[in-house]
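> Chain residues, written in single-letter form:
There are 2 protein chains.
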Amino acid sequence: MDLIDLFKNKQIGENVTVEGWIRNHRDQKNFGFIDFSDGTCQEHLQIVYDDSLPNFDEIKKLLVGCAIEASGTIIESKGSQDIELQATSIKILGTCPSDYPLQAKGRPTREFLREIAYLRPRTNLFQAVFRVRSIAAYAIHKYFQERGYVYFHAPIITASDCEGAGEMFQVTTLPLDELKGKLDYTKDFFGKLAGLTVSGQLEAETFALSYKKTYTFGPTFRAENSNTKVHASEFWMIEPEMAFCDLEGDMDVMEDMLKYVVKYVLDNAPQEIDLFDKFVEKGLKEKLERLVNSEFTRIDHKDVITILKKANVEWEFEPEYGQDIAKEHEKYITDYFNGPVFIKNWPKDIKAFYMKQNSDNETVAAVDLEVPGAGELMGGSQREENYEKLLNRMEELNMETSALDWYLNLRKYGGCVHSGFGMGFERLLIYLTGVENIRDVIPYPRTPGNCDY
Amino acid sequence: MDLIDLFKNKQIGENVTVEGWIRNHRDQKNFGFIDFSDGTCQEHLQIVYDDSLPNFDEIKKLLVGCAIEASGTIIESKGSQDIELQATSIKILGTCPSDYPLQAKGRPTREFLREIAYLRPRTNLFQAVFRVRSIAAYAIHKYFQERGYVYFHAPIITASDCEGAGEMFQVTTLPLDELKGKLDYTKDFFGKLAGLTVSGQLEAETFALSYKKTYTFGPTFRAENSNTKVHASEFWMIEPEMAFCDLEGDMDVMEDMLKYVVKYVLDNAPQEIDLFDKFVEKGLKEKLERLVNSEFTRIDHKDVITILKKANVEWEFEPEYGQDIAKEHEKYITDYFNGPVFIKNWPKDIKAFYMKQNSDNETVAAVDLEVPGAGELMGGSQREENYEKLLNRMEELNMETSALDWYLNLRKYGGCVHSGFGMGFERLLIYLTGVENIRDVIPYPRTPGNCDY
Chain A
0 MDLIDLFKNK QIGENVTVEG WIRNHRDQKN FGFIDFSDGT CQEHLQIVYD DSLPNFDEIK
60 KLLVGCAIEA SGTIIESKGS QDIELQATSI KILGTCPSDY PLQAKGRPTR EFLREIAYLR
120 PRTNLFQAVF RVRSIAAYAI HKYFQERGYV YFHAPIITAS DCEGAGEMFQ VTTLPLDELK
180 GKLDYTKDFF GKLAGLTVSG QLEAETFALS YKKTYTFGPT FRAENSNTKV HASEFWMIEP
240 EMAFCDLEGD MDVMEDMLKY VVKYVLDNAP QEIDLFDKFV EKGLKEKLER LVNSEFTRID
300 HKDVITILKK ANVEWEFEPE YGQDIAKEHE KYITDYFNGP VFIKNWPKDI KAFYMKQNSD
360 NETVAAVDLE VPGAGELMGG SQREENYEKL LNRMEELNME TSALDWYLNL RKYGGCVHSG
420 FGMGFERLLI YLTGVENIRD VIPYPRTPGN CDY
Chain B
0 MDLIDLFKNK QIGENVTVEG WIRNHRDQKN FGFIDFSDGT CQEHLQIVYD DSLPNFDEIK
60 KLLVGCAIEA SGTIIESKGS QDIELQATSI KILGTCPSDY PLQAKGRPTR EFLREIAYLR
120 PRTNLFQAVF RVRSIAAYAI HKYFQERGYV YFHAPIITAS DCEGAGEMFQ VTTLPLDELK
180 GKLDYTKDFF GKLAGLTVSG QLEAETFALS YKKTYTFGPT FRAENSNTKV HASEFWMIEP
240 EMAFCDLEGD MDVMEDMLKY VVKYVLDNAP QEIDLFDKFV EKGLKEKLER LVNSEFTRID
300 HKDVITILKK ANVEWEFEPE YGQDIAKEHE KYITDYFNGP VFIKNWPKDI KAFYMKQNSD
360 NETVAAVDLE VPGAGELMGG SQREENYEKL LNRMEELNME TSALDWYLNL RKYGGCVHSG
420 FGMGFERLLI YLTGVENIRD VIPYPRTPGN CDY
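If you read the protein sequences in the order shown, they are chains A and B. So in numbering that gives the first Met the number 0, spot 23 of the first sequence is number 22, and the numbers just go up one at a time. So in numbering that gives the first Met the number 0, spot 41 of the second sequence is number 40, and the numbers just go up one at a time.
Each hint should be verified, as a subset may be incorrect.
Since the list can't tell identical chains apart, any single copy or any two copies may satisfy a pair.
Straight-line Cα separation of at most 16 Å, EDC-like style, residue types lysine to aspartate or glutamate; simulated pairs [as the list claims (entries may be wrong)]:
1. K60 <-> D1
2. K309 <-> E361
3. K411 <-> D98
4. K60 <-> E327
5. K7 <-> E145
6. K191 <-> D176
7. K9 <-> E114
8. K228 <-> E435
9. K141 <-> D299
10. K388 <-> D359
11. K191 <-> D451
12. K186 <-> E223
By construction, these hints were calculated from the structure, which means they are not laboratory data. These numbers come from a predicted model, not from an experiment.
Could you put the whole structure together from the sequences, leaning on the hints where they help?
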C-alpha cells in the first residue's frame with residue numbers, strides 16, 4: 000500500500016503492508032522506532048516494533064537507507080502524528096552501508112547534495128521540489144488541455160534559429176577527430192548544419208494557425224557560457240500560441256494560466272508548500288495565495304519609465320525611455336503596484352523581429368510579466384501578421400529570410416492576428432518553491448562544465 | 000466562440016461569432032456557402048450568406064484558406080449536418096492567394112504534404128493525427144499522475160550512454176572549422192564528450208528508488224542511418240519505473256496503461272477515430288475497442304519458439320531457441336492467441352545489461368508486448384538489483400563501469416526489486432491512427448538528411 004493512500008484512508012486497527020525506506024532508526028533494548036518513507040508523499044510513517052518479532056535482532060541493526068517491507072496494524076500514535084504502525088513483520092529488502100551519504104543526523108548543504116544528485120530526491124527538501132515539479136507540469140497540461148489547446152511537440156534538433164545565432168549547441172555525427180579545415184555539412188547526418196532548439200515558438204505558430212490554440216512544453220537549450228543562479232544550458236519551456244488573439248487576450252491567458260497553476264499546486268501539494276514556507280522561504284505560502292487573488296496591473300513601458308524617473312531612489316542603472324529595465328526597476332514597479340505587473344508596448348529595438356509593430360513606429364506589442372519576489376516570469380507578444388512589415392523588419396536586421404520562407408508564408412495564407420508567450424518552467428519552479436538556484440529545481444542540471452548522469 | 004463549444008451546446012436561434020478559416024467555398028448569384036473550420040474540432044460548420052450583407056461582392060471572391068470572422072444565427076440545416084450559421088456579418092481577417100497549396104479539390108498525397116509540413120495540420124487527416132497526438136499525450140500524463148507517479152524530466156544532453164555507443168548524436172560548441180586532429184573535449188562546453196540521450200531509463204531508476212513510482216515523457220534520439228517507415232532520429236518516449244515491482248507487476252502496469260490510453264482516445268476523439276477508420280485503416284475502431292476488452296496472454300520466449308517451430312508455416316527466418324523473433328513470428332503469435340501477447344524471459348545475450356538475470360543463468364526477466372496489427376509496442380524488464388551480478392554483467396560486456404558508478408550504487412543503498420518499461424510514443428500513434436509512416440505522426444520529423452523547420 001502506498002503511504003499517500005494510507006494517510007488518506009487511515010483506519011485505526013486496519014492491517015496493512017507497506018514497502019519503502021528507513022529514514023531514521025532508534026532502537027532500544029526491547030523495541031525500536033523506524034522513521035519510514037516510501038516517497039509517495041511528503042509525510043513519513045513511524046513504525047514501532049518489539050522483540051516479539053522473530054528477526055528482532057536483525058532489524059535492530061538496520062541502518063538508514065535500507066529498503067524494507069513492513070506489515071502490521073495501524074494504531075493511534077503517542078507522538079506528533081495521528082497514527083503509527085505496530086509491526087507484526089518486517090522483511091529486509093535491501094541493505095544499506097554505514098557510509099551511505101544521507102544520514103539522518105546533520106543537514107547536508109545543497110552544494111554537497113548537488114554532488115550526489117542521484118540521491119538527493121531522497122531528502123525531504125528535494126523530494127518536495129521534484130514532486131512539485133511533477134505536479135506543476137501536470138497543472139500546465141491540465142489547464143491547456145481542458146481549454147482545447149493542442150499540445151505541440153516542437154522539434155528539438157533544428158536548422159532554424161529563433162533568436163539569432165551564437166547561443167546554439169551544434170548537433171553532429173561527423174567523425175570530428177578525422178577532419179581538417181572547413182567542414183562539409185552536406186556530409187553531416189541531416190545534410191546541413193543543425194543545432195538544438197532555443198525556442199519552439201516559430202513552429203508553434205504553424206499550429207496556432209491550424210488549431211487556433213496550441214502550446215508547447217518541452218526542453219530548450221542555450222549554449223551561453225554564464226554561471227548564474229538562474230541560467231541552465233537545458234531547461235523546459237511552455238510556449239502557448241493563440242490565433243485570433245491580440246495582446247490583451249494574450250495577457251488574459253498569461254494571468255489566468257499562472258493563477259490556475261499556482262492554485263493547483265497550493266491545493267495539491269500542501270505539505271510540500273508548508274515545508275518550503277518553513278525551511279526555504281518564510282512567507283512563501285502567503286506570497287502564492289496573494290498572487291492567486293491579486294489584480295494584475297497592465298501598463299505601458301514608457302509609463303513605467305516615467306514612474307521610475309519620478310521615484311526618489313538612487314538607481315544603480317538610470318531608467319531611460321527606449322531602454323530595457325533592470326532588476327532593481329522590476330522590484331520597484333511590483334512594489335509600487337503592490338502586485339504583479341504586465342509591462343507592455345516595449346521599444347522595438349530591444350525586442351525580437353517577429354513582434355507586432357505598433358502604429359507609433361517605435362514600439363512593439365510585447366509584454367513582460369513582473370511578479371513580486373520573482374521578477375520577470377513570462378514574456379509574450381502579439382506576432383506581426385503583416386507580410387510586408389515582417390519581411391522589412393527581417394531585412395532591416397540582416398536576417399536570412401529564405402530559411403524562414405515558411406514562417407513568412409503563414410502571413411500570406413490566411414494569416415490573422417495571433418499572439419503567444421513563453422514561460423521558463425524552472426523560473427516558475429523557483430517562484431513556487433523558494434529554492435533560488437536553478438540547479439536545485441532540475442533533477443540533473445546542465446551548466447557550463449557540468450554534464451553528469 | 001470555439002466550434003467545439005458551439006457543436007456541444009448548439010441552440011437553434013442563438014447568435015454567435017466565430018473566427019477561423021475557409022476550407023471550401025461555393026458561391027451562387029445571390030448567396031453562397033462557406034465550409035468553415037477553426038481547428039478546435041474535426042467538424043466543420045457551414046456558413047450561409049446572401050446579398051443582404053453589405054460586403055457581399057467582396058465575400059463572394061474569398062478563396063480557400065482565408066481567415067474570417069463570421070457572426071450570425073444558428074439555424075437548422077438542410078444539408079448533412081444538424082445546424083448551419085446564417086451569417087449577418089462576415090469580416091475578412093486574412094486573405095489567401097489562388098496558389099495556396101491546399102485547395103479543396105483533389106486529395107494531395109502524404110508525400111506532397113510532407114514537403115509542406117507547416118501547412119498539413121490544416122488538412123482533415125493531419126488535423127486529426129496531431130490532435131490525437133495531443134490527446135494521447137494527455138491521457139498518458141493523466142494515467143500516471145492520477146496514480147501517484149512522479150513525472151521525471153530526464154536529461155536530454157548526457158555524458159552517459161544507455162545502450163552502447165555508436166548511435167548517439169554529438170553535442171558541441173567547439174569551433175569545428177578551426178580545429179585540427181584529435182579534439183580536446185576538456186575545452187568543449189561541458190568539459191567532456193556529450194551527446195543526445197537515447198533513453199532516460201537509467202536516470203529514471205534513481206527517481207523510482209526515491210518516489211517508488213515515476214515516469215518520463217520526453218524526446219530521445221538515435222543517430223541511426225536507417226530510412227524506414229518506423230524510424231525517426233528524434234522521437235518521444237514514455238519510460239515508467241516502479242520500485243517494489245517485479246516483472247509480473249510490470250506487465251500489469253503495461254496492460255492497464257495501454258488500455259486506459261486507448262480507451263481515453265476512443266472516448267475523447269471519436270470523430271478523429273471515425274476518420275481514420277473510414278479513410279486510413281478500415282476496422283481501426285474495432286481493433287482499438289477489441290484491445291481495450293482483450294485478455295493479454297503472458298508466455299515465455301522459449302514457449303513461443305516451440306509454438307513457432309510446430310507451426311505449419313514456411314518461415315523466411317527460422318525460429319530458434321535463444322534467438323530474437325522476426326516480424327512474421329510476431330504476427331503469427333498474436334494471431335495464434337487472437338490478442339495481445341506478453342513474451343517474457345528472453346535469452347540474456349540478446350537483451351540489455353541491466354535486466355534481471357533469472358536463476359536459469361540463460362534468460363533475463365525481460366518482456367516485449369506484441370499487439371495484433373502493430374507488432375512490438377512496448378518493452379520492459381525487471382532490473383537487476385544485485386550489485387555483484389550487475390557489475391559482473393557489465394564487465395562481461397566490457398562496459399566502462401566507472402561512468403555508471405551512481406547506477407551501480409543504487410543497488411548498494413537500499414536497492415530493491417524494481418521494474419520498468421519503455422513505449423515509443425510514435426509507435427503508439429501509428430497504432431492509434433493507422434497512419435503507417437512515422438514521418439506522418441510527428442509534426443516536424445527528423446530523419447537522415449531531413450531537418451526542415
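> Against each hint, give a clear statement of whether it holds in the structure.
The hints, checked one at a time:
no. : hint          : result
1   : K60 <-> D1    : neither (25 Å within a copy, 65 Å between copies)
2   : K309 <-> E361 : neither (23 Å within a copy, 80 Å between copies)
3   : K411 <-> D98  : between (66 Å within a copy, 11 Å between copies)
4   : K60 <-> E327  : neither (55 Å within a copy, 55 Å between copies)
5   : K7 <-> E145   : between (27 Å within a copy, 14 Å between copies)
6   : K191 <-> D176 : between (19 Å within a copy, 14 Å between copies)
7   : K9 <-> E114   : neither (38 Å within a copy, 59 Å between copies)
8   : K228 <-> E435 : within (7 Å within a copy, 46 Å between copies)
9   : K141 <-> D299 : neither (32 Å within a copy, 40 Å between copies)
10  : K388 <-> D359 : within (14 Å within a copy, 72 Å between copies)
11  : K191 <-> D451 : between (29 Å within a copy, 10 Å between copies)
12  : K186 <-> E223 : between (27 Å within a copy, 15 Å between copies)
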